[in-house]
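Here the protein sequences line up with chains A and B, keeping their order. If you read the first sequence in our numbering, its first letter stands for residue 284, the second for the next number, and so on. If you read the second sequence in our numbering, its first letter stands for residue 627, the second for the next number, and so on.
These aren't lab readings, by the way, just hints derived from the structure by calculation. Accuracy of the hints is not assured; some may be wrong.
Once the Cα atoms are required to be at most 25 Å apart in a straight line, the calculated SDA-like pairs of lysine to any residue come out as [claimed, not checked]: (1) A:Lys419 with B:Tyr776; (2) A:Lys419 with B:Glu790; (3) B:Lys876 with A:Phe395; (4) B:Lys706 with A:Leu308; (5) B:Lys839 with B:Lys972; (6) B:Lys706 with B:Ala912; (7) B:Lys940 with B:Glu878; (8) B:Lys902 with A:Lys393; (9) B:Lys839 with A:Val421; (10) B:Lys902 with B:Val730; (11) B:Lys839 with A:Val500; (12) B:Lys972 with A:Tyr499; (13) A:Lys371 with A:Lys316; (14) B:Lys972 with A:Ala518; (15) B:Lys972 with A:Pro528; (16) B:Lys711 with A:Ala321; (17) B:Lys839 with A:Ala429; (18) A:Lys393 with A:Ala350; (19) A:Lys393 with B:Ser850; (20) B:Lys839 with A:Asn404; (21) B:Lys972 with A:Leu524; (22) A:Lys393 with B:Gly671; (23) B:Lys902 with B:Ser663; (24) B:Lys834 with A:Lys316; (25) A:Lys393 with A:Val500; (26) A:Lys316 with B:Glu968; (27) A:Lys371 with A:Met382; (28) B:Lys706 with A:Val304; (29) A:Lys393 with B:Gln851; (30) A:Lys419 with B:Thr774; (31) B:Lys940 with B:Val754; (32) B:Lys839 with A:Lys371; (33) B:Lys972 with A:Arg525; (34) B:Lys876 with A:Arg402; (35) A:Lys316 with B:Glu731; (36) B:Lys819 with B:Tyr952; (37) B:Lys902 with A:Ala350; (38) A:Lys316 with B:Ile967; (39) A:Lys393 with B:Gln858.
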Amino acid sequence: MTARIDRIALLAVPGLAYLAVIYALPLLMLLAKSVQTAEGFSLAEYRAFFADEYNLRVLWRTLRVAALTTLLALAIAYPTAFVMSRAKGPWLTVFLVAMVLPMSLGVVVKAFAWSILFRANGFINTSLQWIGLTEKPVRMLFTETALVIGAANVFLPFMVLPIYAVVRQLDRGLPEAAVSLGAGPFFRFFNVTLPLTLPGVVAGSAFTFSMAISMYVIPSLIVGERQQTLSMLIARSFLYLRNEPLGSTISAVLLAIAIFVVVFSSWLARRLGART
Amino acid sequence: MTQIQKAGLTRRSLLRTSALAAVGTLAAPSILRAQSSEIVIGCAGSHTAWMEQIVVPHMKEAIGADILFEGTKSSVNLEKMASNKDAPYLSVVQMDDPVMIQAVEADLLTPITPDAVPNMTDLRADAVHMDGMWCNYVQPWAGVAYNTDYAEGVPSWEALWAPENAGQVIIPSLQNTEGMWTMFVAAMLGSGKPFSEAQYEVDAAFAKLEELKPNLLSVYTTMSQAFNLLEQGEISMLAGNFSSYTLPRKAEGVPVDLAAPKEGIFAMPSGICLVKGGPNPELAQAYVNEMLGETMQAAIADFASSVPANTTVKAGAVIPDGVPIYSPDWAFVAENRRAWIERFDKLMAL
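Construct the entire structure; sequences and hints are all you get.
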């Protein structure tokens, strides 16, 4: 039995070797560059990065935008997942296609489309003025609000699909049992439905946050150079400043945040799974 | 396993075949490249229109070369050359003078010589740099692009700072070569000195640039997006834009024009160079020779409203009368540019 399991495990070798060569090795080389100086090992680049107030502002903006993007995507995705879970036949197909099809569209195209919508004479401003909510165009392009809306749109499927997968398996008898025991809608939602769907929420949030924190094209097109994010700093360091140690250091900081999010969300999902 | 053996495929022969296939696959690009008439050219993203319409078909006919080009910023081209120094894949690069200086310092270029590129003898003397390390092929001029629906012209660079233009201006980042023009103008306006002296007044330039912030909608690194906003009327002025981009759009009927403000305009330093150790060196030299020859010079200069570098060619842009044209100390720019980019980004950040 043991020998058989080992042989099956060998099937993972090509995949692991591929990841080691294409992903792990360059990553290690990148990390090495962040601690390598002419004198040897040094954390000077990290000290310099965290000592610069501008870098801290960029780091804070990156975290804030990723968090707001995740929250907005969650607010839209959670009810959407419930509607999808109740849809049947052609309607379910329509919902799934609506979720999956935009993923085949390039991020550049989507970000550019949003930059058109956010213009002074774009659809949103024209609609606001037509409804009478505003008298003159509201400045939306090159604002953080625009970035959060645009990013939430791009990453929405990655939030909806994990929640949908959990909601679909939800035992509908449980909320009904709560009703039969006299539970009101709020009590039912916060004490029955929400805890049961939290693993999907955690998984979707981890996906969305990880992608939002490292996005490059969307902020480049929607907010431009005056509101840089960590990814934009990395590109600037490598391509324009030609400062590899700085670029490697920022990459390592971004990687550390992403790893923390993945590990923490896995732990949280396991814990919530155990409780429910 | 039994079925595999029946088919005559043993573990050893499978491994041998796989190894040969892997070696063949890895070697294929080198084998194909060695026999190819294909050369890869690095150029600016804004060159795309004339590279596609003029250069690619001409080179196929004149020298039998299949041209692949990668349009991006000069500094990105430099990074590509530096990263692939041991195995270059670019044969020729068209980029700006300050970046050429950095490429020479990094030993990434091979000189252009009259023996291999005879047409370089027809160039203006000031178009050949550092003993032929690179040449200027055409020179667009740069001023202020504006939307003709919202402005009648831009008589002075001071218009960028005018309070009535709040939120109506986009300038290039210093990551882009054309970003230098706004900085030099800020130095002239801030110090009150003539250009020859003002270009070294860096603190005065940054102080004046800071005053521009209320008027800025954005700072761009991707020019096409910023230009699109100008065309759509989202902004009224785009600083530092050049004749090879604005004037062809104007000719197509787009409501834009390029102003030559009274304080002066700038000569864009468009250079061409041979990559050291680049593939197909003879074809690369033939490409450069064609780019400096009469046919290409006239065609590109006319298409891109630029001044040709070949003295035998009478075509291209008409330089505005009565306005000084400046060309800065590029060595000083190359030496300080990284520090300026960092300072500029922090200054302009929201």
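Enumerated hints in conflict with the structure, sorted upward: 8, 13, 24, 32 and 37
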